[in-house]
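J.: Now for the letters of each chain:
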Amino acid sequence: MQLDARIPAGPLTDKWDNHRAAVRIISPANKRKYEILVVGTGLAGAAAAATLAELGYNVKVFCLQDSPRRAHSVAAQGGINAAKNYRNDGDSIFRLFYDTIKGGDFRAREANVYRLAQVANNIIDQCVAQGVPFAREYGGTLANRSFGGAQVSRTFYARGQTGQQLLLGAYSAMMRQVAAGRITIYPRREMMDLVVIDGQARGLVCRNLVTGEFERYGGQAVVLASGGYGNVYYLSTNAVSSNVTAAWRAYKHGAGFANPCYVQIHPTCIPVHGDYQCKLTLMSESLRNDGRIWVPGQAGDRRQPAAIPEEERDYYLERKYPGFGNLVPRDVASRNTKEVCDQGRGVGKSGRAVYLDLRDAIERDGLEVMLQKYGNLFHMYEKITARDPGREPMMIYPAVHYAMGGLWVDYNLMSTIPGLFVLGEANFSDHGANRLGASAMMQGLADGYFILPATIGDYLAGTGHEPPDTGGKAYDLAVRRSEQRIAGLLKNTAGKKPGLQTATHYHRRLGSLLWNECGIARNRKGLQRALDAIPELREEFRHNVVVPGSGRELNQALEKAGRVADFMEFAEIMVRDALAREESCGCHLREESQTATHEARRDDEHFSHVAVWEYTGEGRAVMHKEPLSFEYVTPVQRSYT
Amino acid sequence: MTAPTITITIKIWRQAGPDVQGSFEEHTLRDLDVDMSLPEMLEVLNEQLTRQGKIPVAFDHDCLEGICGMCGAVVDGVAQGPEEKTTLCQLYLRHFHDNQTITIEPFRARAFPIIKDLVIDRSAFDRIIQAGGFVSVNTGAAPDGNVLPVARHLAEQAMDAAACSGCGACVAACPNAAAMLFVGAKISQLALLPQGRPERERRALSMVRAMDREGFGSCGNERECEAVCPKGISIRNIARLNREFLRASLAADETV
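In order, the protein sequences belong to chains A and B.
Numbers 1 to 641, taken from the numbering used here, label the letters of the first sequence in order.
Numbers 1 to 256, taken from the numbering used here, label the letters of the second sequence in order.
Quick caveat, the hints were computed from the structure, so don't treat them as lab data.
Hints may be right or wrong, so weigh each one.
To be verified - Below, a list of computed lysine-lysine pairs in the DSBU-like style, where the Cα atoms sit at most 35 angstroms apart:
id, chain 1, residue 1, chain 2, residue 2
1, B, Lys-11, A, Lys-349
2, B, Lys-85, A, Lys-491
3, A, Lys-497, B, Lys-54
4, A, Lys-525, B, Lys-11
5, A, Lys-84, A, Lys-320
6, A, Lys-31, A, Lys-15
7, A, Lys-496, B, Lys-11
8, A, Lys-497, B, Lys-85
9, A, Lys-31, A, Lys-102
10, A, Lys-31, A, Lys-473
11, A, Lys-473, B, Lys-11
12, A, Lys-625, B, Lys-11
13, A, Lys-473, A, Lys-560
14, A, Lys-473, B, Lys-85
15, A, Lys-320, A, Lys-473
16, B, Lys-54, A, Lys-496
17, B, Lys-11, A, Lys-491
Computed from a predicted structure; not experimentally measured.
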């Protein structure tokens, strides 16, 4: 596997401009001869589809949902970063770049992250022009807030529904192109396989989720914007349908999978309440601007929060990290929260929760101001828990939230399969080992609006525009493989043999295994245990999963089982990647790699690389390394004390 | 400490396909945790059906935090259920009492054909947006975000309207199956903001035409849409839609 990142030459600040000037482009008259397939309609997919269509390409867009307005980007709450420096508080493109690469614990490429910081300002302008109702100051200018881990106010927001508003903006741009005849939408479709012809990604086989039929689509390039794999843990903040399937199919065709062990555990989620729950709801960490996180000083203190006097509370983040307090990065907050709960100081029914207390902010600014800032979060919390955060502290606990790992891409966002581009959370590109708050939407939209549309022409200029033969061998094979997978899942009938279980049952077991052994803190022994257990669980799943109904109809249980089957395979490279990375970095504490004071110890000497996994046959994979070098920043051990 | 549990009997609509006759089916579920949400309860039902070798209930749901607009059903006669400003996925069993019977059926409207059980086809909404629910600005053509100031109260009102999740409860609740709240919300958002002004008239005429084409009815001021809207979208947006439409009609020669 060749890992050429194709980073342009020249100074960091000029690389993107130089690159855009140097790449080949397609003339306006010829663009209409090209067909591009986009899988996924979140921020990255929708932005890419709309922009490619505006440029003149023909675009086909596929999504699982009934409408391309619903992908999980819709649920992003807090905001989107840009270095506009509207607040005159010392922000700059370099500072945004530095914060992002430092937040990622120096495990991302300098050139990619700098480019991200560069185009962030254009994203804000674009979204404003689309009619995204960003929060405003009284004078009518755009409002900003500071957000987890940042010391400047650079986050733009639309109440706590920024993701929804940005997605609807991209969706509306896409709908405009549907009306213009440049985009065709294929909702309720699931990508079952990638079609690679002569080493190039040329098409897809999709399952029509309403009829169960397999459909064949061809073009000159395939763009995966299929989101992250956090649902491998079963319990996560992701939407139910979020999956690794599209990315996994690409991996099995030879696309390298980078850093699969990098998963972000978000510190501020509503604690779990029962077995049937697969969804944890995130409370935007913007709440950490005004909320103070604490637990009782003594283990086993079951008093109501209001009955615990100030001096018997432990504001553990403020105590341990006085410089950043409650705004420490997500991993530090999550780890410390798990730690105080492990000490028996957790609160709530389960003891797996801590308080996020807005009392002081309400006293300082008034409830009215808090409601303006967080109204919908208060509403959401009260809906779920039947408690009012205006009157008593919220309870929160960490949950799996975002996958920094993903398919490996070069500077052009092309995977190791020529013609297969990967955007947004589905790629690995910009967040290193940890993603800073308010930068997921920034990356998705940067990839979709500005980066892919500028780089894809360079590839297309070398491919010609002949459509692939969708009746050909490669398609037949992809359909056959997909049919076999479906048949394998449907082979059992309930009651026909003992021990049959639903896909959800196995998903739950896989998730709990990964949360325990490959979660916030990991060690060799535990990872080894997981590595032994996963193939056994997978075999049991293959033999005993029961899926009702048939493949020739709308069958949600079948869809779910197919996604769980892929998680079962993916989990193994995730754990292998975690095992190979014998350092603590970003979101993860590797227990063997700690400082004397139990803080994470990164090991730049041995692990300053991207770990890229190549499929070499069923259940087999080899790891390649893309070394990371830093010319413009000096990797420092993160210190938030 | 164990959570309190309740027993619920569900009367749920089953329909195997778009052209098949549907009917209600009754199931009783015991020992349900009151903190469980409605979709979680349906998961319990589906696991039970699966174990019995029966076909589970098809129902759309995705984000489970009330923002994606995927889920929706009529619960005890109310679109998105009896709780105010709540989607189906945020309806918890604590809102019901022990041994209660809950009736669950799909959103019903001519423009939203049933696909299976509770799953409906809402693509009519996408086609209405395609008719003009956007600002025509290509990527890269935008001026600096602060070039056009927007009065804070207008930005807030635009945001109130923009919060619509496109779930379709408004249509299901309306005796005329009108989509005026959905259309009014989008037209209001873009009419309130300076960015939407240049296409204001064209948008109003075109979206209303698309709405009629899709087979949605007209508003009869019943206000049922506002009552069930999970996002609390006000019918003031319908008034604004009417004003925008009238205004555009009067100025038709300057617009199309």
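J.: Against each hint, give a clear statement of whether it holds in the structure.
T.: Hint-by-hint comparison with the structure:
1. For a cut-off of 35 angstroms, the pair hint linking Lys-11/B to Lys-349/A stands: about 32 angstroms separates their Cα positions.
2. Distance restraint check for Lys-85/B and Lys-491/A: the Cα-Cα separation of roughly 43 angstroms exceeds the 35 angstroms cut-off, and the hinted pair is therefore not satisfied.
3. For the given pair, Lys-497/A sits about 16 angstroms from Lys-54/B by alpha-carbon distance, which is consistent with the 35 angstroms threshold.
4. Among the hinted pairs, Lys-525/A with Lys-11/B is inconsistent with the structure: their alpha-carbon atoms are about 50 angstroms apart, more than 35 angstroms.
5. The straight-line distance between the Cα atoms of Lys-84/A and Lys-320/A is roughly 32 angstroms, inside the 35 angstroms bound, and the hint therefore holds.
6. Under the criterion of a C-alpha separation no larger than 35 angstroms, the hint pairing Lys-31/A with Lys-15/A is consistent with the structure, at around 26 angstroms.
7. Annotation: proposed proximity of Lys-496/A to Lys-11/B holds, straight-line Cα distance about 29 angstroms (limit 35 angstroms).
8. Only pairs whose Cα atoms come within 35 angstroms are accepted, and Lys-497/A paired with Lys-85/B is rejected, the gap being roughly 46 angstroms.
9. Our distance criterion of 35 angstroms between C-alpha atoms is broken by Lys-31/A and Lys-102/A, whose separation comes to about 39 angstroms.
10. Taken as a hint, the Lys-31/A and Lys-473/A pair is honoured in the structure, with Cα atoms around 28 angstroms apart against an allowance of 35 angstroms.
11. Of the supplied pair hints, the one linking Lys-473/A and Lys-11/B is violated, its CA atoms being roughly 49 angstroms apart against a limit of 35 angstroms.
12. Between Lys-625/A and Lys-11/B the CA atoms are separated by roughly 57 angstroms; this puts the pair beyond 35 angstroms, and the hint is violated.
13. For the hint linking Lys-473/A to Lys-560/A, the alpha-carbon distance of about 28 angstroms falls within 35 angstroms, and the restraint holds.
14. With a C-alpha separation of about 52 angstroms, the suggested pairing of Lys-473/A with Lys-85/B is violated against the 35 angstroms cut-off.
15. Of the pairs offered as hints, the one joining Lys-320/A and Lys-473/A is violated, with about 62 angstroms between alpha carbons and a cut-off of 35 angstroms exceeded.
16. Our distance criterion of 35 angstroms between C-alpha atoms is met by Lys-54/B and Lys-496/A, whose separation comes to about 13 angstroms.
17. Simply put, Lys-11/B and Lys-491/A have alpha-carbon atoms about 31 angstroms apart, close enough for the 35 angstroms limit, and the pair holds.
Hint compliance for this structure: hints 2, 4, 8, 9, 11, 12, 14, 15 are not met, and every other hint is.
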